[in-house]
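S.K.: The lines below spell out each chain.
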Amino acid sequence: MTIAMPAPDPRILARGPQIVAALRAALPADAVIDDPQETRAYECDALTAYRCPPLAVTLPRSTAEVAAVMRVCADLGVPVVPRGAGTSLAGGALPTADCVILGTMRLREVLEIDTANRFIRVQTGVTNLSVSAELEPLGFFYAPDPSSQLACTIAGNIAMNSGGAHCLKYGVTTNNLMGATVVLTTGEIVELGGPEMGPAGLDLLGILCGSEGQLGVVTEATLRILPRPEGARPVLIGFDSPEVAGECVANIIRSGVLPVAIEYMDEPCLRAVEAFAKAGYPDCPAVLIVEVEGAPAEIDDQITRIRAIADALNPVEFRESRNADEALAIWKGRKSAFGAMGRLGDYICLDGTVPVGQLPYTLRRIGELSRQHGLEVANVFHAGDGNMHPLILFDANTPGDLARAEAFGADILRLCVQVGGCLTGEHGVGVEKRDLMGDQYAPEDLAIQMQVKDVFDPDWLLNPAKVFPLDASAAHRAAR
Amino acid sequence: MTVALDLAPASEAEVAEIIADRHARRAPLRIVGGGTRVENRARGEALSLSRLSGVVTYSPGEMTLIARPGTPLPEIKAMLEAEGQALAFEPPDLRGILSGNGTPSLGGMVAANASGPRRVLAGACRDHLLGVRFVDGRGRLLKNGGRVMKNVTGLDLSKLLAGSHGTLAALTEVVLKTLPLLPARTTLAFPGVTQATALRIFTAALSTPFEVSGAVHVGGTAYLRIEGLERQLAYRRDRLLALLAEHRPEVLDDAPWGAMRDVAHFADGGPLWRILCKPTDAPEICAGLRAMGGDSSLDWGGGLIWYRGPGNPRALAPHATLIRRDTATGPAFPPQSGAVARLQDGLRRAFDPAGILNPGLMDA
Ligand SMILES: Cc1cc2nc3c(=O)[nH]c(=O)nc-3n(C[C@H](O)[C@H](O)[C@H](O)COP(=O)(O)OP(=O)(O)OC[C@H]3O[C@@H](n4cnc5c(N)ncnc54)[C@H](O)[C@@H]3O)c2cc1C
Ligand SMILES: Cc1cc2nc3c(=O)[nH]c(=O)nc-3n(C[C@H](O)[C@H](O)[C@H](O)COP(=O)(O)OP(=O)(O)OC[C@H]3O[C@@H](n4cnc5c(N)ncnc54)[C@H](O)[C@@H]3O)c2cc1C
Chain A
1 MTIAMPAPDP RILARGPQIV AALRAALPAD AVIDDPQETR AYECDALTAY
51 RCPPLAVTLP RSTAEVAAVM RVCADLGVPV VPRGAGTSLA GGALPTADCV
101 ILGTMRLREV LEIDTANRFI RVQTGVTNLS VSAELEPLGF FYAPDPSSQL
151 ACTIAGNIAM NSGGAHCLKY GVTTNNLMGA TVVLTTGEIV ELGGPEMGPA
201 GLDLLGILCG SEGQLGVVTE ATLRILPRPE GARPVLIGFD SPEVAGECVA
251 NIIRSGVLPV AIEYMDEPCL RAVEAFAKAG YPDCPAVLIV EVEGAPAEID
301 DQITRIRAIA DALNPVEFRE SRNADEALAI WKGRKSAFGA MGRLGDYICL
351 DGTVPVGQLP YTLRRIGELS RQHGLEVANV FHAGDGNMHP LILFDANTPG
401 DLARAEAFGA DILRLCVQVG GCLTGEHGVG VEKRDLMGDQ YAPEDLAIQM
451 QVKDVFDPDW LLNPAKVFPL DASAAHRAAR
Chain B
1 MTVALDLAPA SEAEVAEIIA DRHARRAPLR IVGGGTRVEN RARGEALSLS
51 RLSGVVTYSP GEMTLIARPG TPLPEIKAML EAEGQALAFE PPDLRGILSG
101 NGTPSLGGMV AANASGPRRV LAGACRDHLL GVRFVDGRGR LLKNGGRVMK
151 NVTGLDLSKL LAGSHGTLAA LTEVVLKTLP LLPARTTLAF PGVTQATALR
201 IFTAALSTPF EVSGAVHVGG TAYLRIEGLE RQLAYRRDRL LALLAEHRPE
251 VLDDAPWGAM RDVAHFADGG PLWRILCKPT DAPEICAGLR AMGGDSSLDW
301 GGGLIWYRGP GNPRALAPHA TLIRRDTATG PAFPPQSGAV ARLQDGLRRA
351 FDPAGILNPG LMDA
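So the sequences go chain by chain: A and B.
Following full-length UniProt numbering, the numbering of the first sequence begins with 1 at its first residue and continues without gaps.
Following full-length UniProt numbering, the numbering of the second sequence begins with 1 at its first residue and continues without gaps.
For reference, chain B alone in the conformation it holds in the complex:
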């Protein structure tokens, strides 16, 4: 499926001009980054940020990357890798499950606060976002944060914009913290364990100081990843093997972390949900999901459940987002109520008084 790109500005000023014009005319816009997410149900004319592309500054010594939102994520990954660095939150590439034909972009990554398995150790995308430039729904070109590691100067709008899915503003530049790639990694695999056992393994491992950087359960196997300097790694591996001996761990030099991060195991269709929960609640929620007739996998030590199957999991776990609709109906994002809903609506009006940016995307 290709998206007809009506508008593809090549500069911040043009983005501002277009949005100011649509603001005046109250004409809705659907913001598109790399376009991997085909299911953008927002109404309106497509506004593509793909031409607003390229790295502004990358300073490995200062561990900062400043780049435009249309920059393809694979390009960024390759550039950082060449310097021995990475985005520590391990952004996934969800092309496989979203079946879009684009390439994920840096702006789309921030807009979704996209974070992979290493989130258990390193935090989410928003934790690595140092600053942003953006155009709000009035067409004002604005900035927040900066390019330094610590910054408490005024309200932290960068955090709010991360994960706002283009409903508050169009990001026109993002500043991210980069971190050294750890030179070695190893995986402990626990084949043939239930989700309940996996959770016990995760809890034990994540309560050690051994900096477990991935805790995933897919297809009946639990995986723990550790990364670090060579010497550290051998020590930590042996300590974890001893601690978890009863669960019969196997040491793997490598494991399909990329595929697990990208949820490849649920690539082949069906409604797909992303559920955030308290890790120890995961086994019970997953039992409920099984009863609903679908399959689930665990990431983030149990804090993230992927569910592929029928029904609406929100009765079991309220923080569920419908990532791939397929035959499912109803809102994609969990509905809010009360004061939180009022605050969210208020923020939308503050950033976008005419309601023209991805209208309805997060509440329909």
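Chain A with its partners taken away, still in its complex shape:
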């Protein structure tokens, strides 16, 4: 465990009972939890190596109740950690012992569906998948589709600016978010954006999205919806070197065919997937899955073009899906990749992003670093936009292994920055990459971001120990 959290404030801990009483007075009885047996369920998110039960958990059911929690916590100077479904891979929803968890998962209403103006308005506790399920009978969908979509909530998606396999074509959350209802630390409720197309003033919604719960608590959202494509079909292309696979990605993108997804799997990943899911993938160092959309003739046309691009690079195999079953078979291995990896042991999943042209070099360097650190790494990721997902395998029961895995991970992320990329493409900084922020940004670049937080949250009550290195944020946090 190499990431430090600040020691809990003893003055807040001492006032624990008073804080819980104040929350109880402001909320319905079942909305406040302080029994240590029950608060334990909120001690971590999907970055499970880090755990700490909070002082209390609140589960409001409305924007007004969220505002009530914020007012109590602001009055009493208690830090607040917003939480959706707790699937963050970056420790974004990790509590501290002196914090109140503000969970928005009970805000589950679909408020309005307007297909004429192409938006849906929901409370943010709804899951990502349920939004698309609501829209399916109407012939529409919501584009951002994180692999965690069954569980993760729109609140978490907005906070992390989440992406998914289809964002190559449709963009990430920020490109599909039209408006939000936000509770500020003062308890004020503000509306940012809405069904009209873009703000005429400053784009406050633009900084809210991806702010990792640092600026306000999002309780409602207006999301852009799109008509469902007539159909979609994947192809699978195997290559005998990662470099050539990387070249193929760049050539497809240049060509004018805009696939909805280009996914990449490397040899360690393919081996794990074969053992687990028996997807029947070719035995080769690199596989791409490329999916295109449209009417049948349009799909054929695009696949012909992709085949021409791939053929010029001598693929080991080019596999087309001729029907829904074959399409499922192609996706089967990719979709089970995380599960397959989980069977190999513990892993940490990074999501550094690099320019597409740097993929081959970056993959080679990751291989070298893997040998250097003596830990295996598998790569399965969104290649079309350079968003890597190296999975570092380790054994949590071997003392020192986690620390070694973290050191390896940090080296990979520094590599991503060196080649012109960034620390995180879709999972967020949270606590996981907090201490690497100095590798990407100069102190003053971080200072302006923290000054923006000061504007929204002058007392640094919201998620105070995340995103910014603790030494950099110390003076701001001390304002409390």
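Check each hint, because a few of them may be wrong.
[Said to hold, decoys possible] Here are the computed lysine to aspartate or glutamate pairs in the EDC-like style, where the Cα-Cα straight-line distance is at most 16 Å: (1) A:332 <-> A:320; (2) A:278 <-> A:325; (3) B:143 <-> A:445; (4) B:143 <-> B:262; (5) B:77 <-> B:262; (6) B:143 <-> A:439; (7) B:278 <-> A:445; (8) B:278 <-> A:136; (9) B:77 <-> B:45; (10) A:332 <-> A:274; (11) A:335 <-> A:274; (12) A:335 <-> A:325; (13) B:143 <-> A:444; (14) A:278 <-> A:326; (15) A:278 <-> A:267.
[Stated by the list, open to error] Residues from chain A that keep clear of chain B, each with C-beta distances beyond 10 Å, as calculated: (16) 3; (17) 198; (18) 254; (19) 365; (20) 428.
Bear in mind the hints are in silico, worked out from the structure with no lab data behind them.
No residue lacks a Cβ here, since even glycine has one placed at the ideal position from N, Cα and C.
Knowing the structure of chain A, use the given hints to seat chain B with the ligands on it.
M.R.: Using the frame of chain A, we list chain B with the ligands on its own:
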């Protein structure tokens, strides 16, 4: 009208130096890009970024363009076109309506979040902005974002700076995503339809998966544009023709998309407003505008109304910006109130504590 250029730095360091000095002296600056927008009512000495010009890196294979803010937009368009690419959000060239004598710049485009008809499909300028370098009001040279397609590392200040009209910082470098130019396009025109009918056409067309990339109503005709690979296009055109047959569509090989994007139909004077609304509200708002005594046109499938005429449209639609003042009075940008106003003021102070960058531009 020519603007006297007092200050024209040729490097980021010089921009930082000038702004740091004015910060210390609390002396206001009026930031000028290509200078097409003559009506920059901000007080202060002109700071021109036109010499901070040129492409830093253009990598077609990675679909990224890194360039300095003073680079003329027409130059960028030509360079991308030569590689079969474009800025997908189709930035307009509003010289005609703003009657300035400059050439629009890349920095001015980002500062205005300038986006044309393809916004309905491809998103706005801010959606294609991957990163920025900028000098804030203290004279600090800063960066945010980067040059990759997906980036959630820290707060997304690039989005905030897009559309901030130079009131938060001077942009000194911008990184934009480029996209392949689609090889073919076709237009469906619906002559002699009212705005209400146009909206029905837009709603129907934009609810199909046929990727309509323009939905405009100008001078009594509604236009729909589709773009794509040849084969796709023929199929989509035929499906749309069938769907909208009752409105008697005509197929045009080409239509004046450039002129419509640049609002050429309202080039010849008068106060000009840019109004953002919920698309289905547009016909009613336009009826109100007609009663006020002016003309309107629709873009973005009804989500953007251009109004040329007398009066103040904010009573009908609050998100209205006065683009060309002429005889109109009052603030150009819609006034904010309450917590949103407080947040905006707070952000201005965070970026520019002495209030020296385009002071008053967005609230006067
Ligand atoms: C197996 C697996 C696969 C994944 N795949 C993807 C993927 O493909 N793409 C991707 O982008 N991510 C992926 N993730 C990461 C994760 O699912 C996303 O970050 C998701 O958006 C988190 O949503 P959540 O509801 O679980 O939020 P949480 O984990 O509860 O919280 C995430 C962050 O949001 C903040 N937050 C929560 N609610 C609010 C609120 N109401 N207001 C303000 N801030 C709030 C929290 O404080 C925290 O910082 C994956 C995770 C797992 C475990
Ligand atoms: C009130 C008003 C609102 C407008 N709103 C829109 C709009 O919503 N959408 C749209 O497409 N067009 C809008 N325009 C037109 C738009 O400003 C110009 O078409 C475009 O900015 C021209 O670019 P330019 O290089 O000539 O910029 P200029 O005319 O030189 O400057 C335009 C604005 O951008 C700022 N600016 C220029 N360069 C930089 C830089 N490097 N860093 C920081 N700030 C800079 C200037 O201070 C000025 O505020 C608006 C014009 C006005 C008068």
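S.K.: Would you mind marking each hint as holding or not holding in the structure?
M.R.: Hint check results:
1. Taking the CA atoms of residue 332 of chain A and residue 320 of chain A, the gap is near 14 Å; set against the 16 Å cutoff, the hint holds.
2. A C-alpha spacing of about 15 Å is found between residue 278 of chain A and residue 325 of chain A, which places the hinted pair at or below 16 Å, so the restraint holds.
3. A distance of roughly 6 Å separates the Cα atoms of residue 143 of chain B and residue 445 of chain A; the hinted pair therefore holds under the 16 Å criterion.
4. For the given pair, residue 143 of chain B sits about 31 Å from residue 262 of chain B by alpha-carbon distance, which is inconsistent with the 16 Å threshold.
5. Our distance criterion of 16 Å between C-alpha atoms is met by residue 77 of chain B and residue 262 of chain B, whose separation comes to about 15 Å.
6. About 13 Å separates the Cα atoms of residue 143 of chain B and residue 439 of chain A, which keeps this hinted pair within 16 Å; it holds.
7. The suggested pairing of residue 278 of chain B with residue 445 of chain A is violated, with an alpha-carbon distance near 36 Å, which exceeds 16 Å.
8. Straight-line distance between C-alpha atoms of residue 278 of chain B and residue 136 of chain A comes to about 23 Å, which puts the hinted pair past the 16 Å bound.
9. A hinted pair counts as satisfied when its Cα atoms are at most 16 Å apart, and residue 77 of chain B with residue 45 of chain B does not qualify at roughly 31 Å.
10. Of the supplied pair hints, the one linking residue 332 of chain A and residue 274 of chain A holds, its CA atoms being roughly 10 Å apart against a limit of 16 Å.
11. Restraint check: the Cα-Cα separation between residue 335 of chain A and residue 274 of chain A comes to about 12 Å, which is no more than 16 Å; the hinted pair holds.
12. For the hint linking residue 335 of chain A to residue 325 of chain A, the alpha-carbon distance of about 15 Å falls within 16 Å, and the restraint holds.
13. For the proposed pair residue 143 of chain B and residue 444 of chain A, the alpha carbon gap of about 9 Å is at most 16 Å, so the pair holds.
14. Among the hinted pairs, residue 278 of chain A with residue 326 of chain A is consistent with the structure: their alpha-carbon atoms are about 14 Å apart, no more than 16 Å.
15. For a cut-off of 16 Å, the pair hint linking residue 278 of chain A to residue 267 of chain A stands: about 14 Å separates their Cα positions.
16. With 10 Å as the threshold on Cβ separation, the claim that residue 3 of chain A sits away from chain B holds: the shortest Cβ distance comes to roughly 16 Å.
17. The Cβ of residue 198 of chain A does not lie farther than 10 Å from every Cβ of chain B; its closest approach is about 6 Å, which violates its non-interface assignment.
18. Some Cβ of chain B comes within 10 Å of the Cβ of residue 254 of chain A; the nearest lies about 5 Å off, and the non-interface call is violated.
19. With a closest Cβ-Cβ approach of about 17 Å to chain B, residue 365 of chain A is found to remain outside the 10 Å limit, as its non-interface label requires.
20. A beta-carbon of chain B is positioned within 10 Å of the beta-carbon of residue 428 of chain A; the least distance is around 5 Å.
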